[in-house]
Amino acid sequence: DGGITQSPKYLFRKEGQNVTLSCEQNLNHDAMYWYRQDPGQGLRLIYYSQIVNDFQKGDIAEGYSVSREKKESFPLTVTSAQKNPTAFYLCASSKAPGETGNTIYFGEGSWLTVV
Amino acid sequence: KNEVEQSPQNLTAQEGEFITINCSYSVGISALHWLQQHPGGGIVSLFMLSSGKKKHGRLIATINIQEKHSSLHITASHPRDSAVYICAVSSDGGTSYGKLTFGQGTILTVHP
Numbered sequence: 001d002g003g004i005t006q007s008p009k010y011l012f013r014k015e016g017q018n019v020t021l022s023c024e025q026n027l028n029h030d031a032m033y034w035y036r037q038d039p040g041q042g043l044r045l046i047y048y049s050q051i052v053n054d055f056q057k058g059d060i061a062e063g064y065s066v067s068r069e070k071k072e073s074f075p076l077t078v079t080s081a082q083k084n085p086t087a088f089y090l091c092a093s094s095k096a097p098g099e100t101g102n103t104i105y106f107g108e109g110s111w112l113t114v115v
Numbered sequence: 001k002n003e004v005e006q007s008p009q010n011l012t013a014q015e016g017e018f019i020t021i022n023c024s025y026s027v028g029i030s031a032l033h034w035l036q037q038h039p040g041g042g043i044v045s046l047f048m049l050s051s052g053k054k055k056h057g058r059l060i061a062t063i064n065i066q067e068k069h070s071s072l073h074i075t076a077s078h079p080r081d082s083a084v085y086i087c088a089v090s091s092d093g094g095t096s097y098g099k100l101t102f103g104q105g106t107i108l109t110v111h112p
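Chains Z and H, in that order, are what the protein sequence lines are.
Just so it is clear: in the first sequence, position 101 is 101 by this note's numbering, and no numbers are missing.
Just so it is clear: in the second sequence, position 49 is 49 by this note's numbering, and no numbers are missing.
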């Protein structure tokens, strides 16, 4: 079945370390996204990519980096510069504008805790 | 003030009740999404609306563009409907489905 796979599900990081969250999709979607969710707050967009080898900052990109070398993969690195990285991270992909049907698909998320 | 406001924040219902969750937004939008988040964290897209009304099973979503308001209705609610329901809007002129601004979510609990 087509879908989005995020890994790991749970990750513990020591302060000062970089960590990379994986996101893979087999839906043949051009666009992919990373969001962050904090308790009691709505999701916020970190980075997005509408095509391979191109990506754009979202609303809260500071302290994060991404790459988009392959259509199916959009890894997110949480760097040591991110002041408060403990959160739930969601990856998504979407159809091209104008396509009909279910337009956006989400992964199961990754819980990152700084210890 | 948030650009997307949902009400209520928490909703408790008895099985079989008709449920309404409301979403108001303050920006011009190209589309509005209703999403469902289960306790494990995964999110499923329920509807994408740009006008009018959509129905899928026991779920109905409506939008009033002039009033900048949308509602999600659940008829004959069931305990398996218990989840967080999230309203999100796209205001980038339709260039990307996923560049969204999200509401804080409504926690729905349906008791048997």
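Derived by calculation from the structure, the hints in this document are not laboratory data.
Warning: the hint list may mix true and false statements.
[Said to hold, decoys possible] BS3-like cross-link-like pairs, simulated, lysine-lysine; straight-line CA separation at most 25 angstroms: (1) H/Lys55 <-> H/Lys68; (2) H/Lys54 <-> H/Lys68; (3) Z/Lys57 <-> Z/Lys83; (4) Z/Lys95 <-> Z/Lys71; (5) Z/Lys95 <-> Z/Lys70; (6) Z/Lys95 <-> H/Lys53; (7) Z/Lys70 <-> Z/Lys14; (8) H/Lys54 <-> Z/Lys95; (9) Z/Lys71 <-> H/Lys53.
[As the list claims (entries may be wrong)] Chain Z stretches covered by chain H per the calculated footprint, using a threshold of three residues with CB under 8 angstroms from any CB of chain H: (10) 44-58; (11) 79-92; (12) 103-113.
Heads up, the beta-carbon is just placed ideally off N, CA and C, and yes, glycines get one too.
Outcome of the hint check:
1. H/Lys55 <-> H/Lys68: With a Cα-Cα distance of about 20 angstroms, the restraint between H/Lys55 and H/Lys68 holds, given a limit of 25 angstroms.
2. H/Lys54 <-> H/Lys68: holds, 17 angstroms
3. Z/Lys57 <-> Z/Lys83: holds, 17 angstroms
4. Z/Lys95 <-> Z/Lys71: holds, 13 angstroms
5. Z/Lys95 <-> Z/Lys70: Within the cut-off at roughly 16 angstroms; holds.
6. Z/Lys95 <-> H/Lys53: holds, 21 angstroms
7. Z/Lys70 <-> Z/Lys14: violated, 29 angstroms
8. H/Lys54 <-> Z/Lys95: holds, 19 angstroms
9. Z/Lys71 <-> H/Lys53: violated, 34 angstroms
10. 44-58: holds (count 5)
11. 79-92: holds (count 3)
12. 103-113: With 8 residues closer than 8 angstroms to chain H, the segment 103-113 of chain Z meets the three-residue bar; holds.
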